[in-house]
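Asks: Put the two chains together into one complex; each comes in its own frame, and the hints tell you how they fit.
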Amino acid sequence: AQKVTQAQTEISVVEKEDVTLDCVYETRDTTYYLFWYKQPPSGELVFLIRRNSFDEQNEISGRYSWNFQKSTSSFNFTITASQVVDSAVYFCALSEFPSNTGKLIFGQGTTLQVKP
Amino acid sequence: DTGVSQNPRHKITKRGQNVTFRCDPISEHNRLYWYRQTLGQGPEFLTYFQNEAQLEKSRLLSDRFSAERPKGSFSTLEIQRTEQGDSAMYLCASSFDGTGSRELFFGEGSRLTVL
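Chains as they are written, first to last, in the working numbering: chain Z, 1 to 116; chain W, 117 to 231.
No lab work stands behind these hints, which were simulated from the structure alone. In this text, a Cβ means the ideal position worked out from N, Cα and C, and glycines have one as well. Mixed in with the good hints, there may be bad ones.
Claimed, not checked - Straight-line alpha carbon distances no greater than 27 angstroms define the calculated DSSO-like cross-link-like pairs of lysine-lysine that follow:
| # | chain 1 | residue 1 | chain 2 | residue 2 |
| --- | --- | --- | --- | --- |
| 1 | Z | Lys38 | W | Lys127 |
| 2 | Z | Lys3 | W | Lys173 |
| 3 | W | Lys130 | Z | Lys38 |
| 4 | W | Lys130 | W | Lys173 |
As the list claims (entries may be wrong) - Example chain W residues on the side facing chain Z (calculated, C-beta under 7 angstroms, incomplete):
| # | residue |
| --- | --- |
| 5 | Gly158 |
| 6 | Lys173 |
| 7 | Glu224 |
As the list claims (entries may be wrong) - Which stretches of chain W does chain Z cover? Using the computed rule of at least three CB atoms under 8 angstroms from a CB of chain Z, they are:
| # | segment |
| --- | --- |
| 8 | 143–156 |
| 9 | 159–167 |
Here chain W stands alone, though its shape is the one from the complex (with noise of 0.2 angstroms):
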């Protein structure tokens, strides 16, 4: 039984170059997450899609961020023209839900760097 998995796990960029990372979830849960971590703080949501549908997205996530899920399962989080206060970790998590109840499984994480 695999979890969450999240490549690359580093990334340095330089500012403003484009950075993708991919999340494979759990293979049977219909519901994905995409998190920001900063240092010092508590993750914050981005983005989610149910199956293929990205139905939220947080005001966090400026015009810069995409984020897909295209045959509802891996996904992809792409940053364009990245910029020093991208640098952070971006975690996914999964989960198989529809009420809201149940835990989120999250994967280790890419860390992202801006130079």
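So here's chain Z without its partners, still in its complex pose (with noise of 0.2 angstroms):
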């Protein structure tokens, strides 16, 4: 069965910090996605990535990174010089490839509280 799991529930870090939420996944296929989606205190999922299973490459946007090790079935992300701002929830996604539905299997998020 696919699931993802981010045993990190809550962190706290002082304002530009480096921090680095972990996701690990599980799947029997091998083709699938995954995605990182912020949850502000408004709601609204906010999409933040998405990489596919064939690339491995890791992928820097600004002050954010993500690290995808398929060997250890992780993609993690980190943000560098944590702001204010990035206080959120945020959440690691499974899609699941084969079955073409497009719907998102997510983790359990991680609380991230970033202090001034």
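Replies: Given below as structure tokens:
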């Protein structure tokens, strides 16, 4: 069965610290997509990144970077020089490609608090 | 360019009452999804539509729940005879997709409190 695990329930850092959010997934599919979403207090899930299972290159977007390692079934997210505005709940999600539904399976989420 | 719109944003109801939520997806999106999110948990899939056809329903969607998307545009999610366990955030998302590879665009959700 497909599953996404975010073992860190809450993380608290001081502004300007680097922080890594862990994501481990399980799937039998050879083709799949992984996602990260941010959920600020307003409630709307904001898309951050999509990565397919054939592309293991790490990606950097400004202060955000993602490390995809198929060997360990992990897709970790690092925020460099964190800011108070980064405070939110972050979700990792998995899409089952062969089923073609497009539905996402979410992890439990990690609440990040960045203190000034 | 408007995003996914949901209303009402908040609904407080008494146990046993019926409630209905509406979702207006991004206009060119053919797929529409409903998710439920309880406190401290990630969103859980409930059902999805491709155009007006409801193609999958989760076992989480009991027979008290019904969703429609009559003209392939907006969708409604109705909960009949609400129970306290139905209290949650109901999220709607849409995408223009046929492969499962695209991100979903989410609305801000409709929060239901059943007293």
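Asks: Could you run down the list of hints and mark each one as holding or not?
Replies: Tested hints:
no.: 1; hint: Z/Lys38 / W/Lys127; verdict: 24 angstroms, holds
no.: 2; hint: Z/Lys3 / W/Lys173; verdict: 18 angstroms, holds
no.: 3; hint: W/Lys130 / Z/Lys38; verdict: 32 angstroms, violated
no.: 4; hint: W/Lys130 / W/Lys173; verdict: 26 angstroms, holds
no.: 5; hint: Gly158; verdict: 3 angstroms, holds
no.: 6; hint: Lys173; verdict: 11 angstroms, violated
no.: 7; hint: Glu224; verdict: 4 angstroms, holds
no.: 8; hint: 143–156; verdict: holds (count 3)
no.: 9; hint: 159–167; verdict: holds (count 4)
Hints 3, 6, counting from the list given before, are not met by this structure.
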